[in-house]
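Participant: One letter stands for each residue in the lines below.
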Amino acid sequence: MAGMMKFTVIILMLMGAVFEQGAGAADAPKASEVIVLRVLSYNINGLPAPIKKGKEPHYARIADVLNERRANGTQPHIVLIQEAFDGKSDIVAETTGYKYVLKGPGRKDESKRGDAHWVQKTRKAYASFSDPQKFMGSGLLILSDYPIIDARHKAFNSDECAGFDCMSNKSILLARIEIPGLGRPLDIINSHFNSRSAAKAPKKAVFKAHSRQTNTLKWFLDKTHTGNPIIVAGDFNTKEERRYSYFTEIIGFKDAGVECLDAIGRCAVGEGTRVEELLFKTNDKHFYADGDGVQVQPRRMERNFDEMLNGKPLSDHLGYEVVYSLLNE
Amino acid sequence: MIYVVIGFEAGFPVKVWAKFLAPLGVCVAAIPVAAKDVDFKYSGQPIYIQSEEIEDERKKDNWSGRLGIGLQIAPDFLGSSEHTLTSAVDFKASYKDIIFIENNKIGSILYKKRLLRAGIIGRASLGRRNDLVLADLQGLPDVNEAFEVGVFAGTSLYKLFLSAEAYFDVSGVHNGANVELEAGYTYEFNSKFTVAPILGAVWGSGDYMQTYFGVDDAVGTSFEPYRASAGFYEVYAEIAMEHRLSKNWLVKGSMRFSDLVGSAENSPIVRSDDGSTDQLSAIFAVVWLF
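Protein sequence lines correspond, in order, to chains A and B.
The numbering of the first sequence is the working numbering, which starts it at -11 and goes up by one.
The numbering of the second sequence is the working numbering, which starts it at 675 and goes up by one.
Take these hints with a grain of salt, some might be off.
Stated by the list, open to error - In silico lysine-lysine, DSSO-like type, Cα no more than 27 angstroms apart, as pairs:
no.	chain 1	residue 1	chain 2	residue 2
1	A	Lys188	B	Lys833
2	A	Lys96	B	Lys926
3	B	Lys715	A	Lys188
4	A	Lys206	A	Lys196
5	B	Lys715	A	Lys196
6	A	Lys96	B	Lys866
7	B	Lys787	A	Lys192
Unchecked claim - Partial list, computed: chain A residues near chain B (C-beta under 7 angstroms):
no.	residue
8	Gly85
9	Asp133
10	Tyr234
Treat the hints as calculated values from the structure; they're not laboratory data.
Glycine included, each C-beta is placed from N, C-alpha and C at the ideal position.
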């Protein structure tokens, strides 16, 4: 027991040192006002059969990892999941101890605004479906230990997609979460933007669709803005430079990866996490903005869920987890 | 001062840690309310939260469509070997996705589901007038323009489209029925250029076939009497191309090769010097999208 205590003290001192290096006297938070929040964004590649088959063991393992972490008290407090199309992936939401689950729009919750792409309306009028033809829901989930007190969504309009991505009802999903001790609720947004080459559509079309989705996210942010601190995370498919540039220019939030790496000493990077996987060699991203009277800062980040199961990765994405400190100013 | 933040979920009594670590210059902070309000060991079914949609103010136009002006070439009549080049108008319009007009067709969508649309449709069909055809066909009765009503069903899956239209004559011209089946796929070569190969087949009832391919009374003509029977009489392959010029303009070109089969193939009209089983039609137009 004594040995364990000693070990724990050392660990705590090291953690403290990390915070101390960058915090400085001027912006040192009052200890009692700092809240730690672990947020995981994870595209679990839960495509339905027959596109993907035999994924159940992978979903089960993802759930196991979250349960193991919960048993250790290190579970992410909020999990943002993308591509939970397969009903069998529900195991991740239902068996991991998260009390609150917000499901994104389903297949039938489509937005009927917009118009069919001209490519799909060049033949007989009645066979041109200007209403979106969605075959899958949004695939979005938000799991939270903390109460979700409000939730909003916006399905992208029918002309805000390109290629195969149009088959799913891609959306923006907001959960307003009450975090004990925080002066204001926290707004968490999960989304999955149009893919690039996987969309199998002309480059201009997919870029245009992605740009429109970015515009819609900006509109959504303006519409839902109440002064709450905001974390926007998900699979934004912004690996392409011009997509990333447009996205960050329009949205205007801080990129957690950039901010963390600019603040070495205040923000740690997980062991085994490659820097490029936090920055530009990834479609998974975290962005954030302070709220009125609440400061948000990334303190630690890592790419996780990198284990193999039966020789295959759990997903075609890694988890992207950021430990934020939320500070009541 | 060194700050350490411990989430309550760690399960350690913070006061104990604070007391223990204070001499080491470590200040232990905690999430003040989390421990008592949040259940990190929740084991029940999750509480599913319902989200509310935020919809934008964007409105769809009630009317949408296209108007094209160009040139077309088509057989003088069904089964003709002669083709004529004429000016062409290509017009399509849709009102609220309910009523549509497509050149010689007008219809209403009465059933709308994700994979299927169906409704009623009417069309005006060209006939066969003696003044349009050559001497060999003179003596055959005129076939006036027919007005037909019917039903349609159509679906599209991504860029694959299928349609079926069934027509019944209400103008007393042929008193028969006609069914058109069509399938195609749009290849999007780039954001401005598409090519759609289309395959189709057309079926006619006995009365329909007799009107267009049969010979009832051979007196005054060079044809033997011929009784055309019901069946598929035309199969076709079409290639349709569009090149987008701007947001509201494009140029289109399409070419259809038809082969008359079945009872139509054996028709003395088709087999005459003025007839052919090979039918070509094509259109080239500049199109304004609205």
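Participant: Which hints from the list above does the structure break, by number from lowest to highest?
Facilitator: 2, 3, 5, 6, 7, 10
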